[in-house]
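Assemble the complex: chain A is given as a structure, and chain B with the ligands must be docked to it using the hints.
So the sequence lines, in the order shown, correspond to chains A and B.
So in this note's numbering the end of the first sequence lands on 735, straight run, no missing numbers.
So in this note's numbering the end of the second sequence lands on 735, straight run, no missing numbers.
If you're looking for bench data, these hints aren't it; they were derived computationally from the structure.
Any given hint might turn out to be false.
Copies of one chain are not kept apart here, so a pair can be met inside one copy or by any two copies together.
Only pairs whose alpha carbons sit at most 25 Å apart, straight line, appear in this in silico SDA-like list of lysine to any residue [as the list claims (entries may be wrong)]: (1) LYS699 x ASP63; (2) LYS28 x ALA107; (3) LYS401 x GLY318; (4) LYS367 x GLU51; (5) LYS575 x GLY558; (6) LYS572 x ILE642; (7) LYS699 x GLU71; (8) LYS376 x GLN316; (9) LYS317 x GLY558; (10) LYS401 x GLY351; (11) LYS348 x GLY516; (12) LYS488 x GLY516; (13) LYS575 x ILE622; (14) LYS456 x ILE666; (15) LYS607 x GLU71; (16) LYS607 x ARG72.
Keep in mind that this is a model prediction, so the values were computed, not measured.
Protein chains: 2
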Amino acid sequence: SQFIKAQDQASSKSSGLILTEEGLKKIKDNLGQVPLFDRSLQEIKDEVDIEINNGIEVPIPKDLAGGYTHERHKKNYSTAQKAGVLFNILGEEKYANYIKKMLLEYAAMYPKLPLHPEERSYARGKIFWQSLNDSNWLVSMSQAYSSIYNWISKEERATLENNLFKPFADFLSVESPQFFNRIHNHSTWGNAAVGMIGLVMNDEELVDLALYGLKEDNIDETARDNDGGLIKQKGQAAGFLANMEEAFSPSGYYTEGPYYQRYALYPFMLFAKALQNKKPELKIFEYKDGILVKSVYALINLTDADGEFFPLNDAQKGMSYFNNSVIMSVDAAYYYGEHNPMLLSIAKKQGEVTLDDAGLAVALGLKNKEEQEFLKESIILTDGSKGNKGGVAILHSKEDKSRYSLVMKYTSQGDSHGHYDKLSYSFYNDGEEVIQDYGFARFVNIEQKNGGGYLKENTSWAKQSIAHNTIIQNETSHFNGDFDTGTKFHSEKYFSDFSKPDVQIISAKENNAYPGTQMHRTMALINSDIFQKPVMIDIFRVTGAKENQYDLPFYYFGQIIETNFEYNSPEKLEKLGSKNGYQHLWKEAAGISSANNSKFTWSNNNKFYTLTNVTKEGDSLIMARLGASDPQFNLRRDPVYIWRKHKAKDAVFVSVLEPHGSYNPITELGNNSFSQIKEAKILIDNDEYTAVELIGFNKTKLLLVIANKNGEGRHSLRINNNEISWKGNYTIIEN
Amino acid sequence: SQFIKAQDQASSKSSGLILTEEGLKKIKDNLGQVPLFDRSLQEIKDEVDIEINNGIEVPIPKDLAGGYTHERHKKNYSTAQKAGVLFNILGEEKYANYIKKMLLEYAAMYPKLPLHPEERSYARGKIFWQSLNDSNWLVSMSQAYSSIYNWISKEERATLENNLFKPFADFLSVESPQFFNRIHNHSTWGNAAVGMIGLVMNDEELVDLALYGLKEDNIDETARDNDGGLIKQKGQAAGFLANMEEAFSPSGYYTEGPYYQRYALYPFMLFAKALQNKKPELKIFEYKDGILVKSVYALINLTDADGEFFPLNDAQKGMSYFNNSVIMSVDAAYYYGEHNPMLLSIAKKQGEVTLDDAGLAVALGLKNKEEQEFLKESIILTDGSKGNKGGVAILHSKEDKSRYSLVMKYTSQGDSHGHYDKLSYSFYNDGEEVIQDYGFARFVNIEQKNGGGYLKENTSWAKQSIAHNTIIQNETSHFNGDFDTGTKFHSEKYFSDFSKPDVQIISAKENNAYPGTQMHRTMALINSDIFQKPVMIDIFRVTGAKENQYDLPFYYFGQIIETNFEYNSPEKLEKLGSKNGYQHLWKEAAGISSANNSKFTWSNNNKFYTLTNVTKEGDSLIMARLGASDPQFNLRRDPVYIWRKHKAKDAVFVSVLEPHGSYNPITELGNNSFSQIKEAKILIDNDEYTAVELIGFNKTKLLLVIANKNGEGRHSLRINNNEISWKGNYTIIEN
Ligand SMILES: [Ca+2]
Ligand SMILES: [Ca+2]
Ligand SMILES: [Ca+2]
Ligand SMILES: [Mg+2]
Ligand SMILES: [Mg+2]
Ligand SMILES: [Mg+2]
Ligand SMILES: [Mg+2]
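Just chain A, same shape as in the assembly (with noise of 0.2 Å):
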């Protein structure tokens, strides 16, 4: 059959792009045998078959995302790359034909595009209104026509790579500098589509332009891309290699955050494996101490209970492991990394693998049972490509079948992506939300909304720091909401803990938000006996060089049940404020706090939440809601709840955070629908030491001290009559 001819040319002329000569036979041997291998194959060829049937269509680009051309587009790079691989594995010519037929076409078209009519893009591209899609589709291609190289004519490989893929290659590269080469995500799906059509063609001119980037741009030092990221720093590297080695931290963290992560690291780990395979000299999975490996596991740890990733900066909640770029580099990691079985259990809850050498690897590693479960434990993932510009806390502290996560975020800016929201974290009840983090203002791939590209809310809101669980100052965001400003500086870690079972604690600080005032943030995971389940303490603390409005919002869902502070409901909703984010607020209700202690009781999904603030008199307590100022109604409807300090040049904001209780509304029957902490008191709070003791109704008492500077020595303090003497940050004493 055409299929062991073309088996046999192949195996004369060299492996394919990603899936190797070896692995090819290892995976028609296994054929039937390896059941997520088999399933995945199966699912695949359905989805390819259908499309053959349905014909080829290579429409003149016209549409944005969501519009007809836009997606009929990115349904042929996707189906060819697939029907590639089926003819690789299973030797059926209809696959091939439909590959080379669709490529002629596409060859037909291309020599005249003109650039894409939708103007909107700082490089627009041809098929699509920006590069960074017409990247996708060479990324793919690139791969089909891998899967058919030794199978088509001489002479229809020259018309294409004449016609398509060299014009191709060289507008992404020499003809689109402002976006080939940069530091960014859209470079490294540049870079990956330019390397891998060279790899294809064995053109090692565009192989090097990828790897090294343009030597020369002639970008525009001020030049910006549509999110107002500065295009290029003076004198900064580009290519690949350059992005693998700013892109990520030691720890695997890659700067935009993990919505981002997820999508740049297909490019990345795509383009590796092509680079194994064709370049192993340059060993591609070592660079950086093995960076693409580390960058998973980064990645998995940035998931909840669901896998659903946190959403630091712009992030679309529900994005997940699930998604396809970590469905294969999971595999990847596994396989070109050290054959984890943890890794294998996520595959096997993501349920299908990538059918090349990785996956079937991956699938013979669940098929002979040796999965061992991902253990989340607490981490620190650095920020920075050498490491040294803050970074993400993750505590988790585990009560019954439950987990409760605390996401504390300290890092740079982000680049582009990045929001104003230095010393934020989100809190998780495994996989819900409890105190969250707003993502993004944006519906991808939702025509009516802005053609799915940015709102513009996800500037006046997203990034804004009032949308986030930290403080602001005057109203103000920080750095003053200024991207130029915020790229220059990063937060620091004080210190963090995890070596204790019922302690799990980090301390930042940061100091350049708000120019003159130092910002102290200390979280702590607790399990003691006071409370049911774990519970988190916040103390934070501000350092004005004057006085200032000082506000800590927590946006929290569900209903609230009680407080047991006095407040007022107004007649006529008024904005919270009028600019950096305050106008998209409603004030619901104010109130002033008497008490020592404010509480805040609430429910979501049948569980109860209890916040007690230890707040002074005069401050006040605001509830507020989103969607002011939202014509579009482009904003979720969430509720917050803000904690107010007035005219205050130092301030200590502490607060605790209890989960408790349940409800269940088949029974109907609720339990702990109470606080069980009696009193929360600062008994010491100066530059030195903050001293918090909380006293439960169990009579039970717990005393955290948090030494606020010179941490790592001996410390001796006069505390409720007592001396107590610790090494160290901190110290804790339950009794």
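Just chain B with the ligands, lined up with the frame of chain A:
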């Protein structure tokens, strides 16, 4: 062993109240061999063993629901009842001892107990704040007592009966006529409690009271309960049989709605089981043409795809057929009914059976794999004890794996738990609410929220017409929100037809909600080539005596994607109105329709919906949100879209609700996010006929014609220059 002796004694006397001698023997013979039964037994054993270890506590009554003494006494009767079952089945004396000891403690306390200190109930209890809960206690304790009746001594029986059970029964009956002698679920509980203890004590007098009520009660004709419901109508019968007669319609619908039906069914069913065992000559399961078994089918038909009840009238969302009351009722309906294998599939989902003759039969049926899927077909459930007071129509239409369900309500008032919701509806996409009924405003058993009782917002909001998806005239609720007026009337079905696979249709009229105004609503679920999925067509005609304002709200969920009309968003939010529920809505935006079709597209849970309203120029379109005048945050912040006609005498509201498309946040791919209706037109609308035409973007046309009166006969009509003729209330033509 004692267990054997106990059984010997039992067999020499009489069968148990619920567990018969024969049943018990069969249970013992099958122990360890019937998985679902064994699992249910083990669960109860685990639960009871923990409680026995905790020890017995019988505190002096003091608290409201949610408080300590309330919850303790509830736990006591529930555990005692279960311990009795364990004693009978397993023969372990520790269970009998536990019950005896607990009952003796109650017997020591009861004679001295005054009324419960909490005074808010129209029928205060002694153990609990209301006699209703005291009745719950006695229903369970009768079973517990029955379980050890033959095991304890004659003297102990005398102590318990003289000091506890007899005075308890007297208190609930002769001493509480306003509670015992009603047609109401409270009385059903009271009747069952008194009757069941009467059966155990062989006290025929009590059993007669239970079955036939008090002969004299001297209830004031104007007396009201806490919900504002009339205690008793003049000349009304009372007692268990009268309640059975009155409570259910011949199709098994309970006038208060499914949430209370589930609750009320428990005493009906349990007392019936006891009567069947102890007084088989009554043939209680054949009473009113087998109404108890019918009511179980009705209840299952009143659930969504998750088994959750449609929240008609006062109802807690999330209550479902997984409730113990329904588990017991399904088992009984199977065993005392016709052993319908469809009930087994419900029992299988419930995953639990009662530990008695009925539960064993169900578990055996499941063991033998006899279950069949419970098919929910479109049905009418009539309301009123004679079935002549309107009803509820439940229409289903399937597409692929999804089922779209329309629940239209044209019932009578629904007693004190009724809402002013004539001709209202809700719409479901499988288990998801698309157009919701709010349910009640109450947090059952959450002490912080009014002790778990009804909130004042239940009256000011949840019961009001504006809280429902029906027409509100001049911002006033149906019957002016007056219970006595509402109770006099009911809506009438005009016609229904569920015989065609692609058209399910219901039409009903309401002529009393607003004096001088006739309301006529026809709703159809349609499968048409125009649409991807089934759609709902809604033709709501109002004929007024003078010019009125008419509002038709749509309580959707989720986020607005697009509208085809302009609207203004205010700088401050004002209330939509000042009373009748309008004071609870914030007006978020408002526009004036200019086109003939006003379109409103939203997205919820990654699905899209479009509402196409055939508007007239000048109609208002209002986006509002719940939460105004709600100082305790007792209400959910749910959104609503309102179509308002100003100064209209007669009007017709034609709407198409179109589910379409989907979105996947992991692949980020959406499909069909746009409506498929090019135009919806009213071709004819007069007293005789209403003709609506839908034109799809695919050029398909759909014509629906309703004969507004005298519908049964032959009709012919000229439409669009075509003569059409048909027989019956409506015709539908697609071309
Ligand atoms: Ca930015
Ligand atoms: Ca989640
Ligand atoms: Ca549901
Ligand atoms: Mg970007
Ligand atoms: Mg954010
Ligand atoms: Mg009531
Ligand atoms: Mg209602």
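Hints versus structure:
1. Taking the shortest Cα distances, LYS699 and ASP63 sit within 25 Å of each other only across copies (24 Å), while inside one copy they are farther apart (67 Å).
2. Within a single copy, LYS28 and ALA107 get their C-alpha atoms no closer than 32 Å, and across copies no closer than 79 Å, so neither meets the 25 Å cut-off.
3. Taking the shortest alpha-carbon separations for LYS401 and GLY318, both the intra-copy value of 22 Å and the inter-copy value of 23 Å come in at or below 25 Å.
4. In this assembly of identical chains, LYS367 and GLU51 lie within 25 Å of each other by CA distance neither inside one copy nor across copies; the values are 31 Å within and 45 Å between.
5. With identical chains, the CA atoms of LYS575 and GLY558 are at most 25 Å apart both within one copy (21 Å) and between copies (22 Å).
6. For the identical chains of this complex, LYS572 and ILE642 are neighbours both inside a copy (19 Å) and across copies (20 Å), given an alpha-carbon limit of 25 Å.
7. When the C-alpha separation of LYS699 and GLU71 is checked against a cutoff of 25 Å, the pair qualifies only between copies, where the shortest distance is 24 Å, while the shortest distance within a copy is 63 Å.
8. Taking identical chains as interchangeable, the C-alpha atoms of LYS376 and GLN316 lie at most 25 Å apart only when both belong to the same chain, with a minimum of 22 Å there against 37 Å between chains.
9. For the identical chains of this complex, LYS317 and GLY558 are neighbours both inside a copy (17 Å) and across copies (15 Å), given an alpha-carbon limit of 25 Å.
10. In the homo-oligomer, the alpha carbons of LYS401 and GLY351 lie at most 25 Å apart both inside one protomer (24 Å) and across protomers (22 Å), since each shortest distance falls under that limit.
11. Taking identical chains as interchangeable, the C-alpha atoms of LYS348 and GLY516 are never at most 25 Å apart, the minima being 51 Å within one chain and 66 Å between chains.
12. In the homo-oligomer, the alpha carbons of LYS488 and GLY516 lie at most 25 Å apart inside one protomer (16 Å), although the nearest pairing across protomers, at 73 Å, exceeds that limit.
13. For a Cα distance limit of 25 Å, the shortest separation of LYS575 from ILE622 qualifies both inside one copy, at 12 Å, and across copies, at 20 Å.
14. Taking the shortest alpha-carbon separations for LYS456 and ILE666, only the inter-copy value of 23 Å comes in at or below 25 Å, while the best intra-copy value is 43 Å.
15. In this assembly of identical chains, the alpha carbons of LYS607 and GLU71 lie at most 25 Å apart only when taken from different copies (19 Å versus 42 Å within one copy).
16. In this assembly of identical chains, LYS607 and ARG72 lie within 25 Å of each other by CA distance solely across copies; the values are 21 Å between and 45 Å within a copy.
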